[in-house]
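Chemist: Quick note, the sequences are listed as chains A and B, same order. Residues in the first sequence are numbered from 1 upward in steps of one, following my numbering. Residues in the second sequence are numbered from 1 upward in steps of one, following my numbering.
Heads up, a few of these hints could be off.
Said to hold, decoys possible - Coverage of chain B stretches by chain A, computed from C-beta distances (three or more under 8 Å per stretch; other residues unrestricted):
#1 29–37
#2 40–47
As the list claims (entries may be wrong) - Below, simulated EDC-like cross-link-like pairs (lysine to aspartate or glutamate); rule was C-alpha separation at most 16 Å, straight line:
#3 B:K7 to A:D71
#4 B:K21 to B:D64
#5 B:K70 to A:D47
#6 A:K7 to B:E82
#7 B:K7 to A:E31
#8 B:K81 to A:D64
#9 A:K66 to B:E82
#10 A:K81 to A:D64
#11 A:K66 to B:E75
#12 B:K7 to A:D47
#13 A:K7 to B:E31
#14 A:K70 to B:D71
#15 B:K19 to A:E75
#16 B:K66 to B:D47
#17 A:K21 to B:E53
#18 A:K7 to B:D71
#19 A:K81 to B:E31
#20 A:K21 to A:E31
#21 B:K21 to A:E31
#22 A:K66 to B:E31
#23 B:K21 to A:D71
#24 B:K81 to B:D71
#25 A:K19 to B:E75
#26 B:K66 to A:E31
#27 A:K7 to A:D71
#28 A:K7 to B:E75
Unchecked claim - Here are some chain A residues pointing at chain B (derived, C-beta under 7 Å):
#29 A29
#30 Y34
#31 N62
None of these hints come from the bench; they were simulated from the model. In this text, a Cβ means the ideal position worked out from N, Cα and C, and glycines have one as well.
2 protein chains.
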Amino acid sequence: MEDKETKNTGASIIRSLMKTKNISMKQLADELGYKSAQVLANKLYRDTLSLNEYVRIANVLNCDVKTIAKDGSIEILNQYKENK
Amino acid sequence: MEDKETKNTGASIIRSLMKTKNISMKQLADELGYKSAQVLANKLYRDTLSLNEYVRIANVLNCDVKTIAKDGSIEILNQYKENK
Chain A
1 MEDKETKNTG ASIIRSLMKT KNISMKQLAD ELGYKSAQVL ANKLYRDTLS LNEYVRIANV
61 LNCDVKTIAK DGSIEILNQY KENK
Chain B
1 MEDKETKNTG ASIIRSLMKT KNISMKQLAD ELGYKSAQVL ANKLYRDTLS LNEYVRIANV
61 LNCDVKTIAK DGSIEILNQY KENK
């Protein structure tokens with residue numbers, strides 16, 4: 001019964017970043033090397049991105065993904081790994 | 001030809017956090033509601049966690065996952081969404 005729009009899921013964050021940076025689905029798909037904008041649109045619609053793929057897309061959008069302890073004691077950069 | 005151990009992938013970060021926080025596979029698996037420590041061990045071995053699952057595990061380990069613009073202009077908290 002959860003509102004689908006209330007959580008910052010991977011797809012909603014990517015959509016938000018695309019909007020802020022004024023990047024189209026086609027542009028981002030091209031940068032990622034996807035065959036078409038539709039491939040990206042489908043991934044965002046399903047919203048089941050792997051962590052690795054999410055990090056890659058965030059990086060292309062000039063963002064880092066970080067895992068940070070709530071007490072600030074640890075900060076780790078999540079890295080994209082090719083061929084996974 | 002990439003060294004498998006050089007990247008901060010999801011599994012390597014979780015293993016590192018477990019070590020730092022001195023949490024066993026069994027303890028973490030219990031907190032996540034997995035049937036056994038083996039279920040968690042297998043997920044970490046495959047290292048193909050979904051973003052959503054990764055966020056959940058990081059949260060249980062008292063960490064936030066954030067997407068942060070490299071220029072610092074944007075900081076978004078990645079949230080876990082149930083039932084995905």
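Chemist: Give me the numbers of the hints this structure contradicts, sorted from smallest to largest.
Modeler: The structure breaks hints 1, 2, 3, 5, 7, 8, 9, 12, 13, 14, 16, 17, 18, 19, 21, 22, 24, 26, 27, 29 and 30; every other hint is satisfied.
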